[in-house]
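Okay, here's what each chain looks like letter by letter:
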Amino acid sequence: MNSIFAKRRARLLAMKAMRDNYIPGDKLITCPKCGQESERRLVAQGLSVCPKCGYHWPIGAYYRLSTILDPGSFRELHPRLSAGDPLHFPGYQEKLDAAQHKTGLTEAVVTATGTIGGSRCVVGVLDSRFLMGSMSAAVGEKVTLAIEFAAKNKLPLILFSASGGARMQEGILSLMQMAKTSAALARFSNKGLLYISVLTDPTTGGVTASFASLGDIILAEPGALIGFAGPRVIQQTIGETLPEGFQRAEYQEAHGFVDAVVPREKMRDTLSQLLRLHEKGGRHE
Amino acid sequence: MNNSLTAAERVNIARHPQRPNISDYIGALFTDFFEQKGDRLCGEDAAILGGVALYHGRPVTVIGTRKGKTLEENLMCNFGMPNPEGYRKALRLMKQAEKFRRPIFTFIDTSGAYPGLEAEARGQGEAIARNLMEMSRLTVPVIAVITGEGNSGGALALAVADRVLMLENAVYAILSPEGFASILWKDAQRRDEACGLMKLTAPDLLELGVIDDVIPEPEGGAHLAPAVAMRQVDRCLTRHLAELDKESGKSLAASRYQKFRRLGAPASQKEEG
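Protein sequences, first through last, are from chains P and Y. Position 148 of the first sequence, counting from 1, maps to 148 under the numbering used here, and the rest follow consecutively. Position 18 of the second sequence, counting from 1, maps to 18 under the numbering used here, and the rest follow consecutively.
Bound-form chain P, shown alone (with noise of 0.2 Å):
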């Protein structure tokens, strides 16, 4: 019984991740660092990296999910969860719907329970091609369940972070959440589990001032832009040209915020050492 649920299961993050990682268009994909061409079944086939240069493609929560779970593993948390309208903002419901047509989303984050290695886990991740994975209340919402659901079941949480931060459209109710999701990993914290942040490109704003920087280890993807204020309005305040790196994921290295850069073909094996090195606890009491 229980194999033909997985299997099931198996199948429909299978197509889901193909739909996020599906590109239309030409047969060949042109990389925006290093500028070379290149064949779009290659890049698909090794996880959105350009084969020339390492650069790292965005990619889609369902297809991210499809590439560190163990197959079959795959259990949605809260699928159906989106965004209200609390501050009846003109035009964002026509904003929201067309974000859900686009990207087969309902909310910028998905979040689900599965293995890494045969280690049981809580994984969210967030989608910038929704919104820019910006924080609304229901992706607050659902990363706090995330979170307690985690707590709850004395499971360890890895969250992937992409966002440029606030939905400008639920104000101050979006602020609130950066409140929310931090409060709720204080109590997971006192638990005595562990949490692994991962910061993909690009996290910003709210995000990175809340629970991408709260992890007990903390992840990033290489060339990842991360960061509160964004390049734009710190080269506008200080009058200045940024330097060359300056909140890439090696700065953050560099500058004591992050624990280790792992590309996406080896994060799968990280996120299952650490799983593994975190499984029996440590011994003293």
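Just to be clear, a hint being listed does not mean it is correct.
Only some residues are given here: those of chain P computed to face chain Y with a beta carbon under 7 Å [said to hold, decoys possible]:
| # | residue |
| --- | --- |
| 1 | Gly-140 |
| 2 | Ala-151 |
| 3 | Gly-171 |
| 4 | Ser-174 |
| 5 | Ala-186 |
| 6 | Leu-214 |
Dumping the calculated PhoX-like pairs for lysine-lysine here, alpha-carbon to alpha-carbon at most 25 Å [stated by the list, open to error]:
| # | chain 1 | residue 1 | chain 2 | residue 2 |
| --- | --- | --- | --- | --- |
| 7 | P | Lys-266 | P | Lys-33 |
| 8 | P | Lys-27 | P | Lys-52 |
| 9 | Y | Lys-186 | P | Lys-95 |
| 10 | P | Lys-191 | P | Lys-95 |
| 11 | P | Lys-102 | Y | Lys-186 |
| 12 | P | Lys-154 | P | Lys-102 |
| 13 | P | Lys-280 | P | Lys-152 |
| 14 | P | Lys-191 | Y | Lys-250 |
| 15 | P | Lys-152 | P | Lys-102 |
| 16 | P | Lys-33 | P | Lys-154 |
| 17 | P | Lys-191 | P | Lys-52 |
| 18 | Y | Lys-99 | Y | Lys-37 |
| 19 | P | Lys-280 | P | Lys-266 |
| 20 | P | Lys-152 | Y | Lys-250 |
| 21 | P | Lys-154 | Y | Lys-250 |
| 22 | Y | Lys-37 | Y | Lys-95 |
| 23 | P | Lys-102 | P | Lys-27 |
| 24 | P | Lys-191 | Y | Lys-95 |
| 25 | Y | Lys-69 | Y | Lys-99 |
| 26 | Y | Lys-95 | Y | Lys-250 |
| 27 | P | Lys-191 | Y | Lys-99 |
Everything labelled a hint here was simulated from the structure, so no lab data went into it. Computed from a prediction, not measured in an experiment: that's the story for all the values here. Using N, Cα and C, we set each Cβ at its ideal position, and we do this for glycine too.
Add chain Y to chain P, keeping to what the hints say.
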């Protein structure tokens, strides 16, 4: 309360150069203030002022963002825009308040955390995140007063409190209305329109459940009769502190958690699965 003012008019009052600042509040409401400087990690940030003082004879910790009234003062305190050192100093003082079982008062008036190169290099986002997390589990009463502008994570980093109070003409928002307009419509000139939509005034936020009480101001704004405004703030602080004093430290942290946990729950109404 004066309900005839538009949101944009309130923004102007909130930003008035003569509006009472943290030094005025400390002078009027507290005695024996001792300023504590430094984050004990790498620096001191004058954009946040904090220390120990007596409130009606009782030791408390007071922390606030600092705006000046002259250009010179403002240059000294970076126009009230804190760097990570400021937030880390604030957290240090809050943890100390918890150790000595003192209530914490924060006074907030900032256009936001400073978006500078060094601020980023030293982890502005991490500093704010850490404050949000740690404030949520403090076991002493925390009362935040938004006195002028409370913008973005830079304001929230001092406002994860048991009671969030706002002066009648203060504003509290995700970012400045100019920034809001330029992000949404690529046009900072549409600021007044943004003010109208953002729900940033005290009455609006009270209705949304984001704040707990509104402190009345004298006609035209607190700067026109500061002594009257201070008396109102004092009365409100005393009342809320007395309520919080009845709760144990553990139950304060638990109710503070629930208070923020509830915010933005409307989304769950659509929940089916």
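Results for each hint:
1. Gly-140: holds (6 Å)
2. Ala-151: violated (12 Å)
3. Gly-171: Check passed: Cβ of Gly-171/P comes within 5 Å of chain Y, closer than 7 Å.
4. Ser-174: Ser-174/P check passes; min Cβ-Cβ to chain Y is 6 Å, inside 7 Å.
5. Ala-186: Because about 5 Å separates Ala-186/P from the closest Cβ in chain Y, which is inside the 7 Å limit, the hint holds.
6. Leu-214: Leu-214/P check passes; min Cβ-Cβ to chain Y is 5 Å, inside 7 Å.
7. Lys-266/P <-> Lys-33/P: With a Cα-Cα distance of about 21 Å, the restraint between Lys-266/P and Lys-33/P holds, given a limit of 25 Å.
8. Lys-27/P <-> Lys-52/P: holds (16 Å)
9. Lys-186/Y <-> Lys-95/P: holds (17 Å)
10. Lys-191/P <-> Lys-95/P: violated (39 Å)
11. Lys-102/P <-> Lys-186/Y: holds (23 Å)
12. Lys-154/P <-> Lys-102/P: violated (36 Å)
13. Lys-280/P <-> Lys-152/P: holds (18 Å)
14. Lys-191/P <-> Lys-250/Y: This hinted pair holds, its Cα atoms lying about 16 Å apart.
15. Lys-152/P <-> Lys-102/P: violated (34 Å)
16. Lys-33/P <-> Lys-154/P: With a Cα-Cα distance of about 41 Å, the restraint between Lys-33/P and Lys-154/P is violated, given a limit of 25 Å.
17. Lys-191/P <-> Lys-52/P: violated (44 Å)
18. Lys-99/Y <-> Lys-37/Y: holds (18 Å)
19. Lys-280/P <-> Lys-266/P: This hinted pair holds, its Cα atoms lying about 23 Å apart.
20. Lys-152/P <-> Lys-250/Y: holds (20 Å)
21. Lys-154/P <-> Lys-250/Y: holds (22 Å)
22. Lys-37/Y <-> Lys-95/Y: holds (14 Å)
23. Lys-102/P <-> Lys-27/P: Cα-Cα ~22 Å, so holds.
24. Lys-191/P <-> Lys-95/Y: Satisfied, since the Cα-Cα distance of roughly 20 Å is no more than 25 Å.
25. Lys-69/Y <-> Lys-99/Y: violated (34 Å)
26. Lys-95/Y <-> Lys-250/Y: It holds: about 15 Å lies between the C-alpha atoms, which stays within 25 Å.
27. Lys-191/P <-> Lys-99/Y: Holds, at about 22 Å.
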